[in-house]
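Chemist: Listed below are the residues making up each chain.
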Amino acid sequence: MIEIKDFTFRYRESSEPVVKDINLTIPDGAFVGITGAAGSGKSTLTYAMNGIIPHCYPGDFYGSVTINGLDTVDSSLTDISRLVGSVCQDIDSQMVTSVVEDEMLYGLENFGIPHSEIDARVTQALSDMGILDLRDRTIDSLSGGQKQKLAIASIMALQPKVLMLDEPTAELDPASSFNVFKLLQTYAQTHGTTVVVVEQKIALLSEFATMMVIVDKGQIRYADSPEKVLAHSDDLLEIGVNCPRATTFTNRLRSRGIYQGPICRNVNQAVAALAEVIA
Amino acid sequence: MSAFLEYVPGTSLAHKLNPIAKLFFSFVFAIACFCTSNIFFLLGMLAFAFCIALSCGMRKQTIGLMKAVFAFSLLLAVIQVLTTPSGTQLIELPWGYIGTGSLLAGATTIVRLTAAAIPLFLTFYVTKINDITNSVVKVLHVPYKYAFTFSSTVHFIPVFMNDMKGIMEAQTARGVEFDKGGIINKIRLMVPLCVPLLVSSVRKTNSAAIAAEVRGFNLRTRESGYKQYPFTGMDIAVMVLAVVLLGVAIALGVLGI
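For the record, the sequence lines run as chains B and V.
Sequential numbering from 1 applies to the first sequence in the working numbering.
Sequential numbering from 1001 applies to the second sequence in the working numbering.
Check the hints yourself; a few may be wrong.
Here are the in silico distance ranges between beta carbons for each label pair [said to hold, decoys possible]:
1) V/S1201 to B/D133: 30 to 38 angstroms
2) V/P1009 to B/S14: 43 to 51 angstroms
3) V/I1063 to B/Q189: 50 to 58 angstroms
Calculated from the model, a selection of chain B residues having no Cβ within reach of chain V, i.e. all distances over 12 angstroms [claimed, not checked]:
4) T25
5) G39
6) R254
7) G261
Everything labelled a hint here was simulated from the structure, so no lab data went into it.
No residue lacks a Cβ here, since even glycine has one placed at the ideal position from N, Cα and C.
Work out the full structure, taking the sequences as your base and the hints as a guide.
Modeler: Here you go:
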């Protein structure tokens, strides 16, 4: 379980805190989607959860962040990393080797995974991400999307308790993005892994997340099930979060008393809702 | 085409050799080039190095390298020609003369530097940087932190070159003409671009350090490496060949031939 209590953080070079008074509890096995406008503090929040704050970015840290009881301030980044696997926003910088297979091996070797397991884990993770055929390729020859898949695969191979991904589909096309989320969902369900994803594609998040967190100006505006969060589509629009049009459309029907059914997250649900209204 | 110093996959003998054997051969080969001034031996070494490059399909990269080393060594050779009067006088200078010996010394410098550089650079093109790191840690017991620092430096060269290319393309799109006015103008236009490159480089290296740390960098030991690097008969043969070349070079140097 991830517990954030009264967390406030100010980067050393900033005059104001980037995130303020954050209280959030993420149960084991949850699939959490964090979204918000640019500069709202989403990435800072994930840095706090994977220990990069305060271990790599110094500043004023108030409150507490614990992962399965491990306090991120008192524990070393290495100890936190045994629990939390992180995929960073800047994929190119995350690559520490020059060949796909070596990139997969890097974390497995460091964490002392038995050599007898390593090959199976590499093959499985690459296969899951659909890039097994790229195993011997140089990283420089990969497209942006392939690099993102590799970055995710290299973390999945470590089988961490918590997967933390910062915009993992930024360079992927819609179909690949959907596949990656589907895979993350399957992986989380199979391994009982908690997944925390920072993502701008709210339609995707609402499709897969069991919990959505909306960050606005360094504070949590909403943290609830996708249905409950998406009910505030007009409010979300005001803070720079665009809900799926199907959601906004049916929410407006609801606000006029025309539609009373569940929140719609995609076009199919909106069509069904409209059919219900017309009938 | 691969970026500068970046691994090019292949199945040649040079690709298959043990990374330590390749490093050993490259360094001993380079030392041998500096142990003698026999131009014929050095030309032989240059031809041999070029043949190795051809055997692993690195003709284009090697010619590019030779051009770069030639440009650099030409500077040294010119200084040598102007400051080392020896042999039959060809041109008289206010402070001495240029002789046949001066020209030979200049030519020797160019051939020596070019021959010495080729195997060293080829090693990086035919060896995964991770294999170099892991093998020097496992076999030579070099501390991982130092090996990783070295491999990261090599790894980031093409990354920064790509960044520079991107910055230059962005400037070209805004009307900056890098192609006009010759090399001096190009350098003048490139100097201000070093600031954004430096900022981006610092950011990237910082991100890479964090990425390495969250993947257990501090837990790494000599035994961590998954791959093994056993020596085969061919590895031994290549190292013996390097020692023989060094022996011949030393003999030529001592005998003054």
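Chemist: Each hint needs a verdict: does it hold in this structure or not?
Modeler: Each hint tested on the structure:
| no. | hint | in the structure |
| --- | --- | --- |
| 1 | V/S1201 to B/D133: 30 to 38 angstroms | holds, 32 angstroms |
| 2 | V/P1009 to B/S14: 43 to 51 angstroms | holds, 45 angstroms |
| 3 | V/I1063 to B/Q189: 50 to 58 angstroms | holds, 55 angstroms |
| 4 | T25 | holds, 23 angstroms |
| 5 | G39 | holds, 17 angstroms |
| 6 | R254 | holds, 43 angstroms |
| 7 | G261 | holds, 44 angstroms |
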